[in-house]
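Asks: So the chains spell out like this:
2 protein chains.
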Amino acid sequence: MLETTFPERAAQAMQRGSIQFYFDFSSPYSYIASEWIDAVAARHGRRVQWHAVLLGALFQVAELKPPVAYPLKREYALRDFERSAQFAGLPYRQPESFPIPTQNAARVFWWLNSQDPARAVAWARAGFRAYFARGVALNDPVQLKELAAQSGLDADAAEAAWSDPQWKDRLKAANDAAIAAGVFGAPFFIIDGEPFWGNDRQTQIESWLHSGPFKGLA
Amino acid sequence: MLETTFPERAAQAMQRGSIQFYFDFSSPYSYIASEWIDAVAARHGRRVQWHAVLLGALFQVAELKPPVAYPLKREYALRDFERSAQFAGLPYRQPESFPIPTQNAARVFWWLNSQDPARAVAWARAGFRAYFARGVALNDPVQLKELAAQSGLDADAAEAAWSDPQWKDRLKAANDAAIAAGVFGAPFFIIDGEPFWGNDRQTQIESWLHSGPFKGLA
Chain A
9 MLETTFPERA
19 AQAMQRGSIQ
29 FYFDFSSPYS
39 YIASEWIDAV
49 AARHGRRVQW
59 HAVLLGALFQ
69 VAELKPPVAY
79 PLKREYALRD
89 FERSAQFAGL
99 PYRQPESFPI
109 PTQNAARVFW
119 WLNSQDPARA
129 VAWARAGFRA
139 YFARGVALND
149 PVQLKELAAQ
159 SGLDADAAEA
169 AWSDPQWKDR
179 LKAANDAAIA
189 AGVFGAPFFI
199 IDGEPFWGND
209 RQTQIESWLH
219 SGPFKGLA
Chain L
9 MLETTFPERA
19 AQAMQRGSIQ
29 FYFDFSSPYS
39 YIASEWIDAV
49 AARHGRRVQW
59 HAVLLGALFQ
69 VAELKPPVAY
79 PLKREYALRD
89 FERSAQFAGL
99 PYRQPESFPI
109 PTQNAARVFW
119 WLNSQDPARA
129 VAWARAGFRA
139 YFARGVALND
149 PVQLKELAAQ
159 SGLDADAAEA
169 AWSDPQWKDR
179 LKAANDAAIA
189 AGVFGAPFFI
199 IDGEPFWGND
209 RQTQIESWLH
219 SGPFKGLA
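From first to last, the protein sequence lines stand for chains A and L. Mapping the first sequence onto our numbering, position 195 (from 1) lands on 203, and the numbers just tick up by one. Mapping the second sequence onto our numbering, position 173 (from 1) lands on 181, and the numbers just tick up by one.
Everything labelled a hint here was simulated from the structure, so no lab data went into it. Keep in mind it's a predicted model, so treat the numbers as computed, not measured. One thing to keep in mind: the hints can contain errors.
[To be verified] Dumping the calculated SDA-like pairs for lysine to any residue here, alpha-carbon to alpha-carbon at most 20 Å:
no. : chain 1 : residue 1 : chain 2 : residue 2
1   : A       : K176      : A       : A65
2   : L       : K73       : A       : G206
3   : A       : K73       : L       : P79
4   : A       : K73       : A       : Q111
5   : L       : K73       : A       : K176
6   : L       : K180      : L       : V69
7   : L       : K223      : A       : A141
8   : L       : K223      : A       : A65
9   : A       : K73       : L       : L72
10  : A       : K223      : L       : R101
11  : L       : K153      : L       : V129
12  : L       : K73       : A       : P74
13  : L       : K223      : A       : A85
14  : L       : K73       : A       : L80
15  : A       : K223      : L       : F95
16  : A       : K223      : L       : R137
17  : L       : K73       : A       : A70
18  : A       : K223      : L       : V129
19  : L       : K73       : A       : V76
[Said to hold, decoys possible] Just so you have them, the derived chain A footprint on chain L, three or more residues with Cβ under 8 Å:
no. : segment
20  : 63 to 71
21  : 75 to 88
22  : 203 to 213
We put the beta carbon where it would ideally sit given N, CA and C, even for glycine.
Sequences and hints are given; from them, build the entire structure.
Replies: Now the structure itself:
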C-alpha cells in the first residue's frame with residue numbers, strides 16, 4: 009500500500025533511536041513543538057536531535073511557500089498561530105515582522121551544538137520565546153547580540169560565529185541533509201524513519217512512540 | 009491581537025449553535041473528519057450542518073493547490089492520508105485516480121439535503137467510504153449510479169439530479185457561500201464564528217466545544 013521511498017531516504021539522515029526534530033526560528037508551529045518535544049521523547053526513553061534549518065531553502069526545493077503568502081490562508085494562519093499557542097498554554101504575540109530570515113540565529117545554534125548540544129537547544133528555546141512571546145527581532149544583529157548576552161553567551165563570540173564561513177557552511181550542510189531526508193516544512197520530525205510534519209502531529213507521534221506503527225502500516 | 013475579520017465574515021454563513029462542516033468527497037482528511045464530527049458534536053449538545061463543496065473552486069479563489077500537486081509534499085501526503093486514517097481506526101486504500109472531480113456526488117448530496125438532511129449525510133458517508141475504502145470512482149457515472157442504488161436511492165433519480173441545473177446551481181451557491189465564509193480547504197469547520205481547518209484540529213475543536221475560547225482569545 010505504502011509505496012513511497014520516504015523511509016528509505018529518511019533512514020540515511022537518522023540517528024537510530026533518536027527523534028530528529030527540524031525547525032526554523034521563524035516558524036510559529038516549530039516554537040510550539042519546541043516546548044513539548046523533549047518531554048514527550050523523555051516519557052518514551054528517547055532523545056531528540058535538534059536541527060536548525062532555513063525554511064526558505066526547503067521551500068525552494070519543494071516548490072512551496074509559507075501559509076501567510078496566500079491571501080485567505082494568511083488570515084486563517086495568523087489566527088491559528090495564536091490559537092494553537094494558547095491551546096498549548098504558551099504565550100504568543102504575532103511578531104510585526106514575519107516571517108524573518110533566521111540564518112544568524114541558526115548559525116549560532118550550530119556553533120553551540122558543536123560544543124554542547126544542550127546549550128544549542130537552550131539557545132533555540134531562548135530564540136523562539138524571544139521572537140514569539142516578546143517580539144525580539146532575531147534578524148536584527150543588535151537585538152540578536154543582546155539576546156545572546158541575556159542567554160549567558162559571549163555576545164561578541166556569537167556575532168563572530170554567525171559571520172564565520174565555518175558556521176555558514178554547517179547551516180548549509182544541515183539544510184542539504186534535511187532536504188535529502190525529505191523534509192519540506194517545519195516542524196518536521198523523523199522517528200524510526202517515519203516522517204511527521206507539523207505541530208499537529210503530536211498525538212500521532214505520542215502514539216507511535218508508545219506502540220509503534222499503527223495497525224496496517226508496514 | 010486578533011485583527012482578522014474572519015469571525016465577522018464567518019458569522020454570515022453560520023447557523024447559530026450548529027457546527028458548519030465543509031467537505032469535498034475527494035478529500036481524505038474530510039473522510040476521516042466525517043467519521044467523528046457528528047459524535048463529537050453530539051457529546052456537546054451541538055448539531056452539524058454538512059456542506060458538500062468543490063475544493064477546486066475554493067483553491068482557485070485562495071490561489072492554492074492540493075498537497076499532492078507538490079513534488080515532496082505529495083509523497084508525504086500520500087503516506088499521511090493512510091497513516092491518519094489508520095490512526096483514527098478507519099479503513100483506507102489510496103484511490104488510483106486521485107484527486108477526482110466530485111460535482112456529481114456533491115449535487116446528489118444537495119438534492120437529498122433539500123428533502124432530508126439526514127439522508128444527505130448518509131450519502132456523504134457512503135460516498136467517502138466507497139471512494140477511500142473500496143476504490144469506487146465517484147467521478148464515473150456508472151459506479152456512482154451503482155453506489156446510489158446500493159445506498160437505497162432511486163439511481164435514475166440520482167442521475168437526473170446531478171444533471172439538473174437546479175442542483176448544479178445549488179452546489180455553486182454552496183461553493184460561493186463557503187468562499188464568502190473564508191473557507192479555503194477541507195475539512196473546514198466554523199463553530200460560533202471560529203474557523204478550524206483540517207482533520208488535525210479535532211482536539212482544539214473538542215476543547216472549544218467543551219470550554220469555549222482558549223485563554224486570551226477574544
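Asks: All hints, please: hold or fail.
Replies: Here is what the structure says about each hint:
no.: 1; hint: K176/A to A65/A; in the structure: holds, 13 Å
no.: 2; hint: K73/L to G206/A; in the structure: holds, 18 Å
no.: 3; hint: K73/A to P79/L; in the structure: holds, 13 Å
no.: 4; hint: K73/A to Q111/A; in the structure: holds, 18 Å
no.: 5; hint: K73/L to K176/A; in the structure: violated, 34 Å
no.: 6; hint: K180/L to V69/L; in the structure: holds, 14 Å
no.: 7; hint: K223/L to A141/A; in the structure: holds, 15 Å
no.: 8; hint: K223/L to A65/A; in the structure: violated, 35 Å
no.: 9; hint: K73/A to L72/L; in the structure: holds, 10 Å
no.: 10; hint: K223/A to R101/L; in the structure: holds, 14 Å
no.: 11; hint: K153/L to V129/L; in the structure: holds, 17 Å
no.: 12; hint: K73/L to P74/A; in the structure: holds, 13 Å
no.: 13; hint: K223/L to A85/A; in the structure: holds, 18 Å
no.: 14; hint: K73/L to L80/A; in the structure: holds, 13 Å
no.: 15; hint: K223/A to F95/L; in the structure: holds, 8 Å
no.: 16; hint: K223/A to R137/L; in the structure: holds, 18 Å
no.: 17; hint: K73/L to A70/A; in the structure: holds, 13 Å
no.: 18; hint: K223/A to V129/L; in the structure: violated, 28 Å
no.: 19; hint: K73/L to V76/A; in the structure: holds, 15 Å
no.: 20; hint: 63 to 71; in the structure: holds (count 3)
no.: 21; hint: 75 to 88; in the structure: holds (count 9)
no.: 22; hint: 203 to 213; in the structure: holds (count 7)
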